[in-house]
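**Student:** Going down the list, the sequences are from chains U, V and H.
Counting from 1, position 174 in the first sequence corresponds to residue 272 in the numbering used here; the numbering is continuous, with no gaps.
Counting from 1, position 259 in the second sequence corresponds to residue 264 in the numbering used here; the numbering is continuous, with no gaps.
Counting from 1, position 51 in the third sequence corresponds to residue 80 in the numbering used here; the numbering is continuous, with no gaps.
Think of the hints as simulated: they come from the structure by calculation, not from any bench.
Careful: at least some of the hints might be erroneous.
[Claimed, not checked] Here are the simulated distance ranges between beta carbons:
id: 1; chain 1: H; residue 1: Asn125; chain 2: V; residue 2: Tyr79; range: 44 to 50 Å
id: 2; chain 1: U; residue 1: Ile249; chain 2: V; residue 2: His287; range: 53 to 59 Å
id: 3; chain 1: V; residue 1: Gln115; chain 2: U; residue 2: Val103; range: 24 to 30 Å
id: 4; chain 1: V; residue 1: Phe331; chain 2: U; residue 2: Ile249; range: 31 to 37 Å
id: 5; chain 1: U; residue 1: Ala110; chain 2: V; residue 2: Pro117; range: 54 to 60 Å
id: 6; chain 1: V; residue 1: Val26; chain 2: U; residue 2: Val193; range: 35 to 41 Å
id: 7; chain 1: U; residue 1: Ile249; chain 2: V; residue 2: Gly112; range: 28 to 34 Å
id: 8; chain 1: U; residue 1: Glu284; chain 2: V; residue 2: Met90; range: 38 to 44 Å
id: 9; chain 1: U; residue 1: Val103; chain 2: V; residue 2: His287; range: 39 to 45 Å
id: 10; chain 1: U; residue 1: Leu190; chain 2: H; residue 2: Ile108; range: 25 to 31 Å
id: 11; chain 1: V; residue 1: Ile24; chain 2: U; residue 2: Lys183; range: 24 to 30 Å
Only a predicted model underlies this, so the values are computations on that prediction, with no experimental measurement involved.
Think of the CB as a built atom: it goes at the ideal place given N, C-alpha and C, for glycine as much as any other residue.
Single-letter residue listing:
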Amino acid sequence: MLQLVIFLVFGALCVAGAVNLLVQRHPINSALSLIVVMASLAVEFLLLGAEFVAAVQVIIYAGAIMVLFVFVIMLLNAGEEEATKGSRVAMLLGVPAVVVGSGLVAWVLVEHSSAQSAEALLGAPRTIGWMLFHEFLLPFEITSVLVLIAIIGAVVLASRLDTSTPEPGSRAAQLDKMGSVGQLREAGSPVEPVGAQNRRQG
Amino acid sequence: MLSVTTFVIVSVIKTVIAIFVLLTAVAYSVWLERKVVGHIQNRWGPTRVGPFGLLQPLADGVKFLMKEDLTPPYVYKPLYIAAPMIAVIFALTSIAVIPVGNWVNIGSIQTPLQITDVNIGLLIVLGITSMGVYGVALAGWSSNSKYSLLGSLRASAQMVSYEIALGLSLIGVLIMSGSFSLREIVDAQAGHFWGFIPNWNVFRGQEVAFFIYLMAAFAETNRVPFDLPEAETELVAGYHTEYSAMKFAMFFMAEYANMITVACLASLLFLGGWHGPLFGPHILQEILPLFWFFLRVFGFLFLYIWIRGTLPRFRYDQLMNFGWKFLFPLAVTNLVITALIVALKS
Amino acid sequence: MVPLSYYLVLSGILFACGVTGFLIKRNIITIFMSIELMLNGVNLSFVAFAAHWHLLSGQVFVFFVMVVAAAEAAVGLAIIIAVQRNRETLNVDRVNLLKL
Numbered sequence: 099m100l101q102l103v104i105f106l107v108f109g110a111l112c113v114a115g116a117v118n119l120l121v122q123r124h125p126i127n128s129a130l131s132l133i134v135v136m137a138s139l140a141v142e143f144l145l146l147g148a149e150f151v152a153a154v155q156v157i158i159y160a161g162a163i164m165v166l167f168v169f170v171i172m173l174l175n176a177g178e179e180e181a182t183k184g185s186r187v188a189m190l191l192g193v194p195a196v197v198v199g200s201g202l203v204a205w206v207l208v209e210h211s212s213a214q215s216a217e218a219l220l221g222a223p224r225t226i227g228w229m230l231f232h233e234f235l236l237p238f239e240i241t242s243v244l245v246l247i248a249i250i251g252a253v254v255l256a257s258r259l260d261t262s263t264p265e266p267g268s269r270a271a272q273l274d275k276m277g278s279v280g281q282l283r284e285a286g287s288p289v290e291p292v293g294a295q296n297r298r299q300g
Numbered sequence: 006m007l008s009v010t011t012f013v014i015v016s017v018i019k020t021v022i023a024i025f026v027l028l029t030a031v032a033y034s035v036w037l038e039r040k041v042v043g044h045i046q047n048r049w050g051p052t053r054v055g056p057f058g059l060l061q062p063l064a065d066g067v068k069f070l071m072k073e074d075l076t077p078p079y080v081y082k083p084l085y086i087a088a089p090m091i092a093v094i095f096a097l098t099s100i101a102v103i104p105v106g107n108w109v110n111i112g113s114i115q116t117p118l119q120i121t122d123v124n125i126g127l128l129i130v131l132g133i134t135s136m137g138v139y140g141v142a143l144a145g146w147s148s149n150s151k152y153s154l155l156g157s158l159r160a161s162a163q164m165v166s167y168e169i170a171l172g173l174s175l176i177g178v179l180i181m182s183g184s185f186s187l188r189e190i191v192d193a194q195a196g197h198f199w200g201f202i203p204n205w206n207v208f209r210g211q212e213v214a215f216f217i218y219l220m221a222a223f224a225e226t227n228r229v230p231f232d233l234p235e236a237e238t239e240l241v242a243g244y245h246t247e248y249s250a251m252k253f254a255m256f257f258m259a260e261y262a263n264m265i266t267v268a269c270l271a272s273l274l275f276l277g278g279w280h281g282p283l284f285g286p287h288i289l290q291e292i293l294p295l296f297w298f299f300l301r302v303f304g305f306l307f308l309y310i311w312i313r314g315t316l317p318r319f320r321y322d323q324l325m326n327f328g329w330k331f332l333f334p335l336a337v338t339n340l341v342i343t344a345l346i347v348a349l350k351s
Numbered sequence: 030m031v032p033l034s035y036y037l038v039l040s041g042i043l044f045a046c047g048v049t050g051f052l053i054k055r056n057i058i059t060i061f062m063s064i065e066l067m068l069n070g071v072n073l074s075f076v077a078f079a080a081h082w083h084l085l086s087g088q089v090f091v092f093f094v095m096v097v098a099a100a101e102a103a104v105g106l107a108i109i110i111a112v113q114r115n116r117e118t119l120n121v122d123r124v125n126l127l128k129l
């Protein structure tokens with residue numbers, strides 16, 4: 099009984115956070131709603147007995163990945179979102195479609211899945227560690243290589259690419275001074291002036 | 006086993022006592038810092054308010070409550086008000102899994118001197134430390150000022166970088182104790198070896214891990230020598246530039262509460278928790294573990310304050326180099342060597 | 030006790046919210062966060078089934094999903110920073126130079 103109450107309270111918090119992520123216009127509010135969703139999901143994991151997974155969810159997902167998101171939002175000074183023509187069409191047609199679709203899926207799940215309760219399966223760190231190093235050793239090693247690739251990729255992508263400064267007066271230096279938007283404009287493509295979009299928002 | 010109502014009532018009482026003790030400890034660690042730093046700098050600390058300045062925290066509390074709480078008009082209000090609350094909440098929450106003594110018998114009720122003994126206590130403390138970064142990051146960004154933003158970016162990048170070395174240094178302890186539960190880690194450090202040396206983790210092979218933990222914890226709590234993000238001469242006041250009165254007091258409290266949590270964890274994980282010589286009548290034997298624990302925590306707080314009065318601060322790039330290029334490889338090496346030794350022994 | 034279907038319905042709702050966010054939002058960072066929401070919904074499904082069938086593999090797989098999500102978030106955010114640096118915008122509708 100207590101488990102049902104806890105499930106409903108934190109499930110409602112999850113759904114409220116998810117809907118708030120969609121409704122909010124400023125990305126920082128969406129990021130904070132996502133953190134609320136992740137924390138409530140950690141409680142749901144605890145209800146299912148997955149204590150190690152719940153702790154890792156808080157430490158890694160809510161405590162590191164979302165910090166990365168918040169950093170990027172702070173650094174790039176993301177402003178409020180504007181609703182373009184495409185997004186208005188998507189909202190008008192898409193939201194009812196997704197509601198109907200997920201309602202259908204939920205109805206099928208409730209009707210056809212067994213009514214037996216999901217008792218907690220204690221996921222002690224020791225047993226999970228054992229499985230990670232015995233049955234799941236190959237995926238473990240491959241994901242470690244994947245993380246290494248991601249680290250190198252992120253550092254390379256986010257660094258500035260102009261490691262060599264061209265000599266002053268050359269064509270390369272002139273292009274450097276114009277920047278990428280200026281180069282496009284010189285090539286004749288219809289690029290808006292820098293900051294026009296920010297000005298339009300403000 | 007206790008009935009549900011008894012359990013709830015006992016837990017509520019323990020929580021109230023723990024929060025009260027923690028907040029008093031925070032207030033008096035501020036007093037201790039001012040006195041000790043004052044004596045290091047060859048001056049008295051606070052002496053006027055009460056004997057030895059002992060009522061100074063009370064006066065400070067009244068001052069903070071009565072100051073004008075100024076909210077600048079250009080801040081992003083929801084996060085500006087929420088950020089100090091987030092910082093304080095996560096600073097105070099980790100007391101829930103920290104044990105201070107053995108099981109005690111009060112009347113007919115047996116209860117541990119800990120609010121709750123979870124199987125994954127160490128992971129919970131690490132998780133709360135990770136979430137504490139948000140208070141700093143959101144405070145600086147919502148203040149909408151360049152000093153605050155720079156200070157908070159530096160502080161949060163520093164905290165995130167040193168979390169890695171912190172976690173890795175604790176894994177050595179984990180391997181030696183075989184459990185995440187803080188009570189079991191302390192219980193594994195009972196007894197002596199070679200006759201008189203206590204069986205603490207710091208003497209059993211985790212010396213390097215102890216120093217890595219100390220340095221990483223100093224950086225996590227933004228204390229000297231890693232306190233560039235809140236140094237007055239660098240960035241006005243870093244991420245709490247735009248805060249006044251009670252909100253600033255909340256950041257202050259959060260910093261000292263983090264210090265106390267770090268001191269408690271270091272005592273539990275490396276210095277044997279509450280183990281110490283027990284003597285005397287039965288009631289004294291119940292109180293003595295508490296006393297030994299507080300002695301260790303006090304020692305760590307004194308160490309924190311002593312280092313604050315003595316060392317200059319790191320420059321930011323020196324700080325990040327130290328965390329990534331020295332502490333992190335050292336922590337990984339310590340982990341590998343500990344794992345090898347434990348595996349070869351068993 | 031909580032039936033398995035309740036957990037699956039919650040997971041489905043989170044996934045649907047993630048899909049909706051991915052389709053209707055125009056800010057790159059918010060789209061990215063909708064992807065993370067979808068991954069979280071799937072994690073809940075994994076853990077619920079692990080409890081139902083008494084297999085611990087479900088919980089181990091959540092671990093791998095989280096690691097992959099972390100790697101993807103790091104690289105994706107680096108790409109977002111590169112896009113902002115080159116196109117001065119975070120609106121996906123304006124990154125359209127390759128359109129015919």
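**Student:** Work down the list of hints and note, for each, if the structure agrees.
**Tutor:** Here is how each hint holds up against the structure:
{"no.": "1", "hint": "Asn125/H to Tyr79/V: 44 to 50 Å", "in the structure": "violated (34 Å)"}
{"no.": "2", "hint": "Ile249/U to His287/V: 53 to 59 Å", "in the structure": "holds (57 Å)"}
{"no.": "3", "hint": "Gln115/V to Val103/U: 24 to 30 Å", "in the structure": "holds (28 Å)"}
{"no.": "4", "hint": "Phe331/V to Ile249/U: 31 to 37 Å", "in the structure": "violated (18 Å)"}
{"no.": "5", "hint": "Ala110/U to Pro117/V: 54 to 60 Å", "in the structure": "violated (33 Å)"}
{"no.": "6", "hint": "Val26/V to Val193/U: 35 to 41 Å", "in the structure": "violated (51 Å)"}
{"no.": "7", "hint": "Ile249/U to Gly112/V: 28 to 34 Å", "in the structure": "violated (57 Å)"}
{"no.": "8", "hint": "Glu284/U to Met90/V: 38 to 44 Å", "in the structure": "violated (52 Å)"}
{"no.": "9", "hint": "Val103/U to His287/V: 39 to 45 Å", "in the structure": "holds (43 Å)"}
{"no.": "10", "hint": "Leu190/U to Ile108/H: 25 to 31 Å", "in the structure": "holds (30 Å)"}
{"no.": "11", "hint": "Ile24/V to Lys183/U: 24 to 30 Å", "in the structure": "violated (54 Å)"}
Comparing the model with each earlier hint shows violations of hints 1, 4, 5, 6, 7, 8 and 11; every other hint is respected.
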